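Student: Each chain, written out:
There are 6 protein chains.
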Amino acid sequence: MAKIKTGIPGLDEKIDNGFPEGSVIMVYGPPKCGKTIFSTQFFYSGLQEEEPGLYAITGLPLKQLKNMMRELGISPTQYEEKGSVFYIDLFSVQSGRAEDAVDTEIVRNVLPREMTEFMIAFSDGLKKICHNALRVRVVLDGLTEFVEINPEVLKRATKILIAKNKYANATMFLTYTEGTADPRTETLFKSMVDGSIHLDGKGKLVIESMPMTPCPIELNYRITKKGIIVR
Amino acid sequence: MAKIKTGIPGLDEKIDNGFPEGSVIMVYGPPKCGKTIFSTQFFYSGLQEEEPGLYAITGLPLKQLKNMMRELGISPTQYEEKGSVFYIDLFSVQSGRAEDAVDTEIVRNVLPREMTEFMIAFSDGLKKICHNALRVRVVLDGLTEFVEINPEVLKRATKILIAKNKYANATMFLTYTEGTADPRTETLFKSMVDGSIHLDGKGKLVIESMPMTPCPIELNYRITKKGIIVR
Amino acid sequence: MAKIKTGIPGLDEKIDNGFPEGSVIMVYGPPKCGKTIFSTQFFYSGLQEEEPGLYAITGLPLKQLKNMMRELGISPTQYEEKGSVFYIDLFSVQSGRAEDAVDTEIVRNVLPREMTEFMIAFSDGLKKICHNALRVRVVLDGLTEFVEINPEVLKRATKILIAKNKYANATMFLTYTEGTADPRTETLFKSMVDGSIHLDGKGKLVIESMPMTPCPIELNYRITKKGIIVR
Amino acid sequence: MAKIKTGIPGLDEKIDNGFPEGSVIMVYGPPKCGKTIFSTQFFYSGLQEEEPGLYAITGLPLKQLKNMMRELGISPTQYEEKGSVFYIDLFSVQSGRAEDAVDTEIVRNVLPREMTEFMIAFSDGLKKICHNALRVRVVLDGLTEFVEINPEVLKRATKILIAKNKYANATMFLTYTEGTADPRTETLFKSMVDGSIHLDGKGKLVIESMPMTPCPIELNYRITKKGIIVR
Amino acid sequence: MAKIKTGIPGLDEKIDNGFPEGSVIMVYGPPKCGKTIFSTQFFYSGLQEEEPGLYAITGLPLKQLKNMMRELGISPTQYEEKGSVFYIDLFSVQSGRAEDAVDTEIVRNVLPREMTEFMIAFSDGLKKICHNALRVRVVLDGLTEFVEINPEVLKRATKILIAKNKYANATMFLTYTEGTADPRTETLFKSMVDGSIHLDGKGKLVIESMPMTPCPIELNYRITKKGIIVR
Amino acid sequence: MAKIKTGIPGLDEKIDNGFPEGSVIMVYGPPKCGKTIFSTQFFYSGLQEEEPGLYAITGLPLKQLKNMMRELGISPTQYEEKGSVFYIDLFSVQSGRAEDAVDTEIVRNVLPREMTEFMIAFSDGLKKICHNALRVRVVLDGLTEFVEINPEVLKRATKILIAKNKYANATMFLTYTEGTADPRTETLFKSMVDGSIHLDGKGKLVIESMPMTPCPIELNYRITKKGIIVR
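Line order of the protein sequences matches chains A, B, C, D, E and F. Using this note's numbering, the first residue of the first sequence is number 478, and each one after it goes up by one. Using this note's numbering, the first residue of the second sequence is number 478, and each one after it goes up by one. Using this note's numbering, the first residue of the third sequence is number 478, and each one after it goes up by one. Using this note's numbering, the first residue of the fourth sequence is number 478, and each one after it goes up by one. Using this note's numbering, the first residue of the fifth sequence is number 478, and each one after it goes up by one. Using this note's numbering, the first residue of the sixth sequence is number 478, and each one after it goes up by one.
There may be inaccurate statements among the hints.
Stated by the list, open to error - The calculated lysine-lysine pairs, modelled on DSS-like cross-linking and capped at a C-alpha distance of 30 Å, are:
{"no.": "1", "chain 1": "D", "residue 1": "Lys703", "chain 2": "D", "residue 2": "Lys540"}
{"no.": "2", "chain 1": "A", "residue 1": "Lys703", "chain 2": "F", "residue 2": "Lys702"}
{"no.": "3", "chain 1": "E", "residue 1": "Lys491", "chain 2": "F", "residue 2": "Lys480"}
{"no.": "4", "chain 1": "C", "residue 1": "Lys480", "chain 2": "D", "residue 2": "Lys540"}
{"no.": "5", "chain 1": "E", "residue 1": "Lys559", "chain 2": "E", "residue 2": "Lys605"}
{"no.": "6", "chain 1": "A", "residue 1": "Lys632", "chain 2": "A", "residue 2": "Lys702"}
{"no.": "7", "chain 1": "F", "residue 1": "Lys703", "chain 2": "F", "residue 2": "Lys480"}
{"no.": "8", "chain 1": "D", "residue 1": "Lys632", "chain 2": "D", "residue 2": "Lys543"}
{"no.": "9", "chain 1": "D", "residue 1": "Lys703", "chain 2": "C", "residue 2": "Lys480"}
{"no.": "10", "chain 1": "E", "residue 1": "Lys482", "chain 2": "F", "residue 2": "Lys480"}
{"no.": "11", "chain 1": "F", "residue 1": "Lys632", "chain 2": "F", "residue 2": "Lys540"}
{"no.": "12", "chain 1": "B", "residue 1": "Lys605", "chain 2": "A", "residue 2": "Lys482"}
{"no.": "13", "chain 1": "E", "residue 1": "Lys482", "chain 2": "E", "residue 2": "Lys559"}
{"no.": "14", "chain 1": "D", "residue 1": "Lys679", "chain 2": "D", "residue 2": "Lys543"}
{"no.": "15", "chain 1": "A", "residue 1": "Lys679", "chain 2": "F", "residue 2": "Lys702"}
{"no.": "16", "chain 1": "A", "residue 1": "Lys540", "chain 2": "F", "residue 2": "Lys604"}
{"no.": "17", "chain 1": "E", "residue 1": "Lys491", "chain 2": "F", "residue 2": "Lys482"}
{"no.": "18", "chain 1": "A", "residue 1": "Lys559", "chain 2": "A", "residue 2": "Lys681"}
{"no.": "19", "chain 1": "A", "residue 1": "Lys482", "chain 2": "A", "residue 2": "Lys540"}
{"no.": "20", "chain 1": "B", "residue 1": "Lys605", "chain 2": "A", "residue 2": "Lys491"}
{"no.": "21", "chain 1": "B", "residue 1": "Lys632", "chain 2": "B", "residue 2": "Lys605"}
{"no.": "22", "chain 1": "E", "residue 1": "Lys480", "chain 2": "F", "residue 2": "Lys480"}
{"no.": "23", "chain 1": "A", "residue 1": "Lys632", "chain 2": "A", "residue 2": "Lys605"}
{"no.": "24", "chain 1": "C", "residue 1": "Lys632", "chain 2": "C", "residue 2": "Lys702"}
{"no.": "25", "chain 1": "A", "residue 1": "Lys702", "chain 2": "F", "residue 2": "Lys482"}
{"no.": "26", "chain 1": "F", "residue 1": "Lys482", "chain 2": "E", "residue 2": "Lys632"}
{"no.": "27", "chain 1": "D", "residue 1": "Lys604", "chain 2": "D", "residue 2": "Lys679"}
{"no.": "28", "chain 1": "E", "residue 1": "Lys702", "chain 2": "E", "residue 2": "Lys679"}
{"no.": "29", "chain 1": "B", "residue 1": "Lys543", "chain 2": "A", "residue 2": "Lys604"}
{"no.": "30", "chain 1": "F", "residue 1": "Lys703", "chain 2": "F", "residue 2": "Lys540"}
{"no.": "31", "chain 1": "F", "residue 1": "Lys632", "chain 2": "A", "residue 2": "Lys679"}
{"no.": "32", "chain 1": "F", "residue 1": "Lys491", "chain 2": "A", "residue 2": "Lys543"}
{"no.": "33", "chain 1": "B", "residue 1": "Lys543", "chain 2": "A", "residue 2": "Lys491"}
If you're looking for bench data, these hints aren't it; they were derived computationally from the structure. All values derive from a computational prediction rather than experimental measurement.
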């Protein structure tokens, strides 16, 4: 099974060289546990490996996400220019001010409750970045936003994404804020994804499931100025 | 009482040579505990015994299920050619792309919420594989998908299947992801089936009930590259 | 107070020679604890005492119930011929296939959600078996099916049955799968019946209430090839 | 404060010669704890003191209630003839058979969900028995039936009864099956009545509240062939 | 900060000479813990200090409230004649009998669900008693009645009252039966009032919050023939 | 990262000189724990640093808030005259009396359920105080009011505020009464804000999260006549 890099120093060697290509990985935990930091590392790691990436952000404006990347020393600018990056900003358009949410060649602004528009933006973005790419990465950061709108719709959407995965050879990375959905929906998420990783916000990272890897694997993590590090 | 093989090395001898013919067996447990692996072993074991099989899959595309079988060393191809296999793929059609869900002689694509269509596909499939067969196996992997749509419909459907059982001499195998329904529905499932087996995802397999067998029976299991093994 | 036999070896002597005539007894417990076996023993014991019986079955087809009776060495055939038996099969008609649910002189097929039809079948059956009988027995195996449809309707129906009881001199036997209704409804059941017996599925039988008998009475039970035995 | 007899041997002396006249007393506990037996003793005790009584019964037919009274050695017949008794049977009319629920001069049959009709029957009955009486007793056995229909309606009804109390100089006796309503409604009941008594079904009787009496008072009770006795 | 007397012997000295003038105080606890007795003492204490009072009663008829006051040795008659008392009876009108709920110069009968009418009665009453008064007291005994109707409406109403407070220089006294609302609403109550006092019904009184007073303060209380006494 | 003063003596030095500029900080805890006192100190501290402020108050009338400030020795009058203060009073208009809720140049009265009007008032206020200001502070005291109306609307509104933050260089301060929303919504709040501080009402202050600061940090606090002090 082909593997792709996780982007987290110290993690790849624990799970046989990274995530399985084409798999769906969920990272979840309490608020402020490091989900978005993990996401940006995963995303940027792909860019560095010539794997184009689509990043859908729901919890903060794209502008703030980019500031955060910059502070972590991550600079996707050159990849954006090469056309191997696509963003879906599901936050900014909520401000109600048109100037906060301007679409560009590589940015699409969508309301999270407009699932159909999101799906179209997603397809468009995937088509753009997949062009000539062997592998792509998809980050959906995070599920929480959608859970609130309609869990059933979310589930269906996630399945569409998974189905598209096979077609586009994409590896999907999902984040979820623990405790914002009911336990049954959380179980359902774990059931739907191929692998799930828990960050407890206090330094413990547990790989609860990962294809072809005996689990659970308990590790320690730390959030540094350069991002998450696993020991 | 006639018995049929479970397909799991080490399990048949613990329960008096296998599952009772014509019974309804449920395997359940947390996400990633091995339910689908168990299902494919049960399914394939029947094919090897000249017992045609119907496999209804809800949690991943049929294509991915077959990849998984191949990795386990299971190859249903020859049985497919003999007409003793029928698949109902309840996943792929959700992608919304027609090319992902093409019906063939032995594959039917159905949306899980279209219970009537599923029932028709089920009847058609059963009719096809039952032709000239003494015994058939039916795998419904898994119930979880239907629970979400309508527990009442599911219950009725399961009863229809059980009733058809007697007519077609079919043994039914159901999987269910623990924790995705409320406890009352879980109790109801256990009440409706003839036998239930719990996999805890950590190596413990418990036969909670089995017709004419004193229960519970606590066993250990392991997921190997060849599938589940019981000790 | 006149008593009638329970049909369970070892139980009558514990409760002053059996159940009070005309009472309503509920047997309940987890799935597979032996409720239906108890029911058939109670039912058959009446037939042997020249007490006609009505058996309403909801959880499996009448055909399978009879197989089960046969395996327990219970043969109601001669009583069926004498016209002292009536069955209401609430399961088979759910298969949707007319040939699975054929009405006869002594069998009526009804959908559990058609409460009115069930009530008519019940009245008809009671009228038939009550003819020239001093005492009759009524088995409703089980309540669970009805609970799911409409607890309020069930309660009213149970009361109708209790009212008819007095008129027909019938003793009623109800089964219920613990945990499929909410605790309040379970309390309500116990409140509505005259006596309740709990089987824990692990060998413990508790008579929780019984008219004119100090309770609780804790006993042990075993499911043998001949049915339930109490020690 | 004037007191009236409870009808339970051994109880009056514990609470300063009985219940306060004009108060509302609730007796509650699990199924089969003795609520109806207590009710009949309270009711009959009044008749013996020349206090007419209205008995509204919901959980069994009036006929069975009278059988039960007879077995306890209670015979209201002479008081019925004197016109100092009125019954409201909220059970029998549910059988659907007209002959089971025939109204007489002193019996009214009402469906529990027809709250307005019940209120009319209640007013009529009260008017009849209050004629020339200094004190009357009202038994509502029990609340459970009404809780299920509409807790809000029940509460309003109970208040109407309490208001009528003052006018008719009636003492009201309510029963309630613990656990059939939600805890908030149970608290509300205790809040609405003047006194509440708990029977635990195992021999312990607790006077939880009683006007002008320091509570709780813990007592023992036993159900004998002559009814409840307190020690 | 000006203080007003609580009316409870022994309490004023524990909280720096009484309740802050113009504050909103809630007294809550289980049924029969003494809330109404506390209310009448607070109310009467004001009258004695030339502070007119408005008493809104929901759980019993005004007539019974006055009987209760009389038994406690409280006689508001002279203050009623002076025009410094106003009652809102939210109970009696529920009996449905016009003669039970007659409005007078100082009594208004209102249905608890007619919040608007209650507000009008409240305003009218406040206007009447405020005339020429420096301070007034308002008792709302109790909130429970309104909680059941519409918590949102109640909250708004309570705020209106608080706003009117400032205008009329009124101190408000609220009672609430613990356990009849959900925990969130209980928290909300505590959040809305300025001070809250818990009576546990077993002799413990806790001042949970009180403006400018370090809390909690744990005290003992007793219900005597003269009302509540704190030690 | 630029920092702004918290206004709480002893707190700034614990978190690297104050809150990050432009961040969203939530202070939450049980009723009466000191949230509004904290808010006024934060608000006033900004004014003293030439940082204009917008204060939206929901739980008490603006007039009472100002009284409270005055008692704490806080006097925003001079800043009001300079035009660097704006108030939104979401309480007073609920009294229904026009004279209690008069709009001025720097005060806007809005009903909490009129979210759109609140948003307009918010925008207007922000525009006014931002004029010529480098930094502004926004206090929303508190969220609880809005949670009750519509959690979804609240969330969207909070996001709009956060988005406007970036534009106006505002730091936002939110308060929330613990236990008035369900746990999932509380988790969501913590997920949405940049930092959260818990006051337990008993002297313990915990900084649960704060951008670029290792958390949690456990501190002690005391409410004095001059406001909250941290040790």
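Student: Against each hint, give a clear statement of whether it holds in the structure.
Tutor: Verification of the hints:
no.: 1; hint: D/Lys703 <-> D/Lys540; result: holds, 19 Å
no.: 2; hint: A/Lys703 <-> F/Lys702; result: violated, 45 Å
no.: 3; hint: E/Lys491 <-> F/Lys480; result: violated, 44 Å
no.: 4; hint: C/Lys480 <-> D/Lys540; result: holds, 20 Å
no.: 5; hint: E/Lys559 <-> E/Lys605; result: holds, 11 Å
no.: 6; hint: A/Lys632 <-> A/Lys702; result: violated, 35 Å
no.: 7; hint: F/Lys703 <-> F/Lys480; result: holds, 24 Å
no.: 8; hint: D/Lys632 <-> D/Lys543; result: holds, 28 Å
no.: 9; hint: D/Lys703 <-> C/Lys480; result: holds, 21 Å
no.: 10; hint: E/Lys482 <-> F/Lys480; result: violated, 48 Å
no.: 11; hint: F/Lys632 <-> F/Lys540; result: holds, 28 Å
no.: 12; hint: B/Lys605 <-> A/Lys482; result: violated, 46 Å
no.: 13; hint: E/Lys482 <-> E/Lys559; result: holds, 21 Å
no.: 14; hint: D/Lys679 <-> D/Lys543; result: holds, 25 Å
no.: 15; hint: A/Lys679 <-> F/Lys702; result: violated, 37 Å
no.: 16; hint: A/Lys540 <-> F/Lys604; result: holds, 22 Å
no.: 17; hint: E/Lys491 <-> F/Lys482; result: violated, 38 Å
no.: 18; hint: A/Lys559 <-> A/Lys681; result: violated, 37 Å
no.: 19; hint: A/Lys482 <-> A/Lys540; result: holds, 26 Å
no.: 20; hint: B/Lys605 <-> A/Lys491; result: violated, 48 Å
no.: 21; hint: B/Lys632 <-> B/Lys605; result: holds, 25 Å
no.: 22; hint: E/Lys480 <-> F/Lys480; result: violated, 43 Å
no.: 23; hint: A/Lys632 <-> A/Lys605; result: holds, 25 Å
no.: 24; hint: C/Lys632 <-> C/Lys702; result: violated, 35 Å
no.: 25; hint: A/Lys702 <-> F/Lys482; result: holds, 24 Å
no.: 26; hint: F/Lys482 <-> E/Lys632; result: violated, 35 Å
no.: 27; hint: D/Lys604 <-> D/Lys679; result: violated, 39 Å
no.: 28; hint: E/Lys702 <-> E/Lys679; result: holds, 16 Å
no.: 29; hint: B/Lys543 <-> A/Lys604; result: holds, 27 Å
no.: 30; hint: F/Lys703 <-> F/Lys540; result: holds, 19 Å
no.: 31; hint: F/Lys632 <-> A/Lys679; result: holds, 26 Å
no.: 32; hint: F/Lys491 <-> A/Lys543; result: holds, 28 Å
no.: 33; hint: B/Lys543 <-> A/Lys491; result: holds, 28 Å
The structure is inconsistent with the numbered hints 2, 3, 6, 10, 12, 15, 17, 18, 20, 22, 24, 26, 27, although it conforms to all the rest.
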